[in-house]
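> Sequence:
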Amino acid sequence: MKTVAQLVVRTYECDSYGHVNNAVYLNYLEYGRMEFLHACGFDYKGLVDAGYYLYITHIDISYKASAFLDDRLLVEVEPIKLGHVSGTFRQRVLKADGTVCAEAKVTWASVTTNGKPAPIPRQFMIDSLKPTQAE
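Sequential numbering from 99 applies to the sequence shown in my numbering.
Treat the hints with caution; some may be incorrect.
Stated by the list, open to error - Only pairs whose alpha carbons sit at most 30 Å apart, straight line, appear in this in silico DSSO-like list of lysine-lysine: (1) Lys193 - Lys179; (2) Lys162 - Lys214; (3) Lys203 - Lys179.
Claimed, not checked - Label pairs and their in silico Cβ distance ranges: (4) Gln221 - Ala121: 32 to 42 Å; (5) Leu167 - Thr211: 36 to 46 Å; (6) Pro217 - Lys143: 13 to 23 Å; (7) Thr109 - Gln221: 33 to 43 Å; (8) Phe166 - Asp225: 21 to 31 Å; (9) Gly116 - Asp225: 34 to 44 Å; (10) Pro219 - Asn119: 15 to 25 Å; (11) Ala121 - Thr197: 35 to 45 Å; (12) Val198 - Ala148: 33 to 43 Å; (13) Pro219 - Lys179: 15 to 25 Å; (14) Gly116 - Tyr142: 26 to 36 Å; (15) Thr197 - Gln221: 34 to 44 Å.
Keep in mind the hints are simulated off the structure, nothing from the lab. Using N, Cα and C, we set each Cβ at its ideal position, and we do this for glycine too.
The whole structure should be built from the sequences, with the hints applied where relevant.
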C-alpha cells in the first residue's frame, strides 16, 4: 500500500535562506508515516496500550530540491521491507508539480515499553505493512 499525505510549508519551518530547513523534513516524514498508519487502519494507540512502541532506528535521506513558504507538498509512504521485529518505508517529499524535494528510507523496529526489541504482536501485523513489490 502506498499513501500520500498533503501539507503546506509554514513560516517557522523555513531557515534564514528562505527554504525549508533540512531537519524539518524529518517532521514531514513522520507526519506522512502517521497518515499512512491511519489510512491503513493500523491501531497505533492499541499497540501502545498493549505495551509496544515503534521506534525509528535509521533514516537515510537525500535532499534533491528546496521547498519554500506556502509550497504545497506531498509526502509519499510505501513499505518496502517487513520482518517480525522491524520494517522499512520508502518516502518522498514532493512539490505539487512533482519536483522531488527529498527521498528517504526509514527503518523502524517494534520494542517493548522498556526499549527491548520484540516481535510485533500478531493482531497488529496487518497486510498494509507488507511491501507490494520487492525492493
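> Hint by hint, note whether the structure agrees.
Here is how each hint holds up against the structure:
Under the criterion of a C-alpha separation no larger than 30 Å, the hint pairing Lys193 with Lys179 is consistent with the structure, at around 26 Å. Annotation: proposed proximity of Lys162 to Lys214 is violated, straight-line Cα distance about 35 Å (limit 30 Å). Restraint check: the Cα-Cα separation between Lys203 and Lys179 comes to about 10 Å, which is no more than 30 Å; the hinted pair holds. The hinted range of 32 to 42 Å is satisfied by Gln221 and Ala121, whose Cβ atoms lie roughly 35 Å apart.
Roughly 40 Å separates the CB atoms of Leu167 and Thr211, a value that falls within the hinted 36 to 46 Å. In this structure, Pro217 and Lys143 meet the distance hint of 13 to 23 Å, their C-beta atoms being roughly 19 Å apart. Taking 33 to 43 Å as the suggested C-beta distance range, the pair Thr109 and Gln221 conforms, at roughly 42 Å. Taken as a hint, the range 21 to 31 Å is violated for the pair Phe166 and Asp225, whose Cβ atoms sit roughly 38 Å apart.
Between Gly116 and Asp225 the C-beta distance comes to about 43 Å, which sits within the given range of 34 to 44 Å. For Pro219 paired with Asn119, a C-beta distance near 37 Å fails the hint of 15 to 25 Å. Checking the proposed 35 to 45 Å range against Ala121 and Thr197 shows it is violated: the Cβ atoms sit about 20 Å from each other. Evaluation of the 33 to 43 Å hint for Val198 and Ala148 yields a pass: the beta carbon distance comes to about 37 Å.
Taken as a hint, the range 15 to 25 Å holds for the pair Pro219 and Lys179, whose Cβ atoms sit roughly 19 Å apart. Between Gly116 and Tyr142, the C-beta spacing of about 35 Å keeps the proposed range 26 to 36 Å intact. Under the hint 34 to 44 Å, the C-beta atoms of Thr197 and Gln221, about 40 Å apart, fit the expected range.
The earlier numbered hints that this structure contradicts are 2, 8, 10 and 11.
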